[in-house]
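Visitor: The lines below spell out each chain.
Protein chains: 2
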Amino acid sequence: MTQFRDLDALRTACLDLPAGSDSAASAVLARQAILTKPAGSLGRLEDLAVWLARWQGRPMPRLDRVDVLVFAGNHGVTGQGVSPYPASVTAQMVANFARGGAAINQIAGVAGAVLRVIPLELERPTEDFTAVPAMDQAAFLHAVSVGFEAVPAGSDLLCLGEMGIGNTTAAAAMAAGLFGGGGQRWAGRGTGIDDAGLARKAGVIDAALERHAGCFGDPLLIAMALGGRELAAILGATLAARLSGIPVMLDGFVCTASAAPLARLRPDALDHAMLAHLSAEAGHRALAEALGLRPLLDFGMRLGEGSAATLVVPLLRAAVACHAGMATFAEAAVDNRA
Amino acid sequence: MTQFRDLDALRTACLDLPAGSDSAASAVLARQAILTKPAGSLGRLEDLAVWLARWQGRPMPRLDRVDVLVFAGNHGVTGQGVSPYPASVTAQMVANFARGGAAINQIAGVAGAVLRVIPLELERPTEDFTAVPAMDQAAFLHAVSVGFEAVPAGSDLLCLGEMGIGNTTAAAAMAAGLFGGGGQRWAGRGTGIDDAGLARKAGVIDAALERHAGCFGDPLLIAMALGGRELAAILGATLAARLSGIPVMLDGFVCTASAAPLARLRPDALDHAMLAHLSAEAGHRALAEALGLRPLLDFGMRLGEGSAATLVVPLLRAAVACHAGMATFAEAAVDNRA
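Residue numbers (the working numbering), protein chains in the order written: chain A, -5 to 332; chain B, -5 to 332.
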């Protein structure tokens, strides 16, 4: 039972996207002009208020309910030695999330966000995509649907993240398939592989690219052949959020690569998404630039788990609080500029 | 009644500074190595935990009490037409702070910080420093002392900010006196002056530099001749925090320039201070680089009020929460790397 009958149904949904609300965005701009501060002096905080209003469709943006969805999956390509950690760590970290012991648990607490972790058939890794597609159509559509259906209807902001040993290899392969270039351009150290491992990882990606070059004309086939279940779920969640009027905060390299096929299908498909952070993972800068996403932070993080997407939530809360709570020049009887 | 009898007493205090705690910093590094994440993958969040521990002198850093001090002052140099806003706005904004209508009120609320605004003789602007020193020795030492004494003993983090029409001119003049270069290098648009005003502002700074070149060998005389009461108070507060084991978060251009004389007296004097943000004010990048301060954010803000210093507090809370709350590999039974 999946949300999308076949790839064409998913493709149709990806192409038929609602626009944001110009009137909500205009209302925010008009109010910003009369709040007690020099024009534009809150910089990106002002942009964030406009962006939230546009995609929430509300002239006064709010962050009453912030959700973090972390999808987890396992990858057949780990058999090729692309990670210094064993694949068993994915399930162990999911258990750590459940007990509250991971970084994302602490960061979600500070952010006042609701964290939900969704493991996707961890006992059934995707296929090794150097040999065959990572997923068949049914598995791919199922994972997309899990992500699509996981988005809470009443959310004011959706932060997306992932966990999956081996998934920076999948993300790099997807980035290469979508934007060109080979393993050397897109492979990074992931959880911390050494030089020999990095060269091996680049070679694995090149092998996968050669195997699946025939599908490079179709971004969804790229996600199916080179991605993974948690990456597909992020694609589904990003799409669902757009259809439901929920702004999305993207995390790092894997999360960005997961959503990227949407932008290849329709250039404005990620306008409702913001990038939290420029990851230390090698390929992220090029990927963010290819997508026109300007990160909010550059903290040298490379953890995933939605850690950066959730870390920036209080910055958005400050943007919303300033917009809603500041006095106007007239209310405060402050002289405006001469 | 001031904390410092004369300039020499202040200078002596500025030169006799305690070091941070190496053992607290080492304890944080040791724990970070066993928490359930790839080594170093929390990037700057890990650095922040080490920095807080070092300067709090605690192996487990905390942010139970965060204080924001905003100092306000008026400037005789506003008579030269260096700001698009009238000097009356300083007192009006102080009233706005008191009623909770300014940006800093909203941001402090999100940060869970205690905000205190301290106006410094707003009815007595400093002298026009194109003609005479901004302050005499008594006025300067009094302002430094107000800042010094305002630092709450039990604080875990001190965020500093300012409000004062005309004070980007004072800050630019101080930066020029401390680091060389003229008005054109250091003058920015402040609250939003036009091209003609910017040229006038640079000229005013150059006139002040010519008038006070004789004192450029002494950072404290520079602060007295070219600064302002709120800038002097920030210097005093930054010094007091160092002596009390309280890390300091600096805000934007004016705040950074205010603390800069300390670093000219002793190169490691700002090691307990972090820079929150790279301001859009023109001279801030050069000033931050001259001081070796690497900003946490680059949000294009240029408001002052401690807005950026307070905005980043939740990022530090996340760093502290991750450090204290994450499970170790052993506790979580997660396999560490092979």
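Since the hints were derived computationally from the structure, they do not count as laboratory data.
Any given hint could be a false lead.
Unchecked claim - Facing chain B, from chain A, some residues (calculated, C-beta under 8 Å):
# : residue
1 : 39
2 : 190
3 : 297
4 : 311
5 : 312
6 : 324
Think of the CB as a built atom: it goes at the ideal place given N, C-alpha and C, for glycine as much as any other residue.
Visitor: Failing hints, ascending?
Guide: 2 and 6
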